[in-house]
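Trainee: Sequence:
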Amino acid sequence: MARRRQIYEGKAKILYEGPEPGTIIQYFKDDATAFNAEKKGTINGKGVINNRVSEYIFTRLSHIGVPTHFIRRLNMREQLVRQVEIVPIEVVVRNIAAGSICKRLGLEEGEPLPHTLIEYYYKDDALGDPLIAEEHIACFNWASGEEMQDISSMAIRVNDFLCGMFAAIDIRLVDFKLEFGRLWDGDFSRIILADEISPDGCRLWDVNTGEKLDKDRFRRDLGGEEEAYREIARRLGLLQNEDNGAGEVFDLSAHRGRLRGSKPKK
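Letter by letter, the sequence shown follows residues -6 to 259 of the working numbering.
By construction, these hints were calculated from the structure, which means they are not laboratory data. By construction, the Cβ of each residue, glycine as well, lies at the ideal position given by its N, Cα and C atoms. Check the hints yourself; a few may be wrong.
[Unchecked claim] Label-pair restraints from in silico Cβ distances: (1) G15 - R213: 35 to 43 Å; (2) L120 - I57: 17 to 25 Å; (3) S146 - G216: 34 to 42 Å; (4) G203 - A131: 33 to 41 Å; (5) E101 - S55: 35 to 43 Å; (6) G15 - L110: 33 to 41 Å; (7) E101 - R(-2): 46 to 54 Å.
Using the sequences and the hints given, assemble the complete structure.
Mentor: The structure is reproduced here in structure tokens:
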């Protein structure tokens, strides 16, 4: 069997040359990073969960007409995607104040924003992915005005869909990150959704308990990262129900107690 050619390795994924021209194999790792890779660790099984969750979300988005790079999942950790030219901009969609915006603007975490806010960050790890304005994007020609219209309108559409999808399983979508790419056809290109959508790039809080079910558990040394990621997949119907019932509100401390064999306090 021929050895696959590695194209790129990032913090959470490895990209390999695909089996056909214009395709790439995306491999999901268990590596976890935070604070621009200043903090590093491992979340066991994260790659498997993120692969399944991203497949599920991208497939559902395609059903409502959002163009994506996703083609199909190949196995537990890999999926086949279309090769695109990544636009060097991270798009962050915020519904509730959390993370860096609280530090920048002195907001209290959990404060609902007056309306959905879209922020843009320049993709450059060496610079710490700085916050930028649309004027920067136009000045340095990172994306055209027409491309930015497509990006912003798709971001809002994705947010509307995901807010409803997560609300149906008692999860509040606080904020999330998107990346977009140019899919070329000769001299012409169009903007499509790329990368992944998973607990790695979303803030997801339990509606009833406020429990964090995302990578903030790793960032803040809260523990229970594996259980939180699995809980997202379970509620989406991607895992069989385990010892907690389908309608039961997930409690991480109680769940960890069960895993240790101790009886959780009532």
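Trainee: Quick check: does the Cβ-Cβ distance between S146 and G216 fall within 34 to 42 Å?
Mentor: 39 Å Cβ-Cβ, so the 34 to 42 Å window holds.
Trainee: Within 35 to 43 Å or not, the Cβ separation of E101 and S55?
Mentor: Roughly 37 Å apart at Cβ, these two residues keep to the hinted range, so it holds.
Trainee: Do the Cβ positions of G15 and L110 conform to the proposed distance bound of 33 to 41 Å?
Mentor: holds (35 Å)
Trainee: Are G203 and A131 spaced within 33 to 41 Å by their CB atoms?
Mentor: holds (39 Å)
Trainee: For the pair E101 and R(-2), does the Cβ-Cβ distance stay inside 46 to 54 Å?
Mentor: holds (49 Å)
Trainee: Is 35 to 43 Å respected by the C-beta to C-beta distance linking G15 and R213?
Mentor: At 40 Å between Cβs, range holds.
Trainee: Taking 17 to 25 Å as the hint, is the beta-carbon distance of L120 and I57 inside that range?
Mentor: violated (35 Å)
Against the hints set out earlier in the document, a violation occurs for number 2 only.
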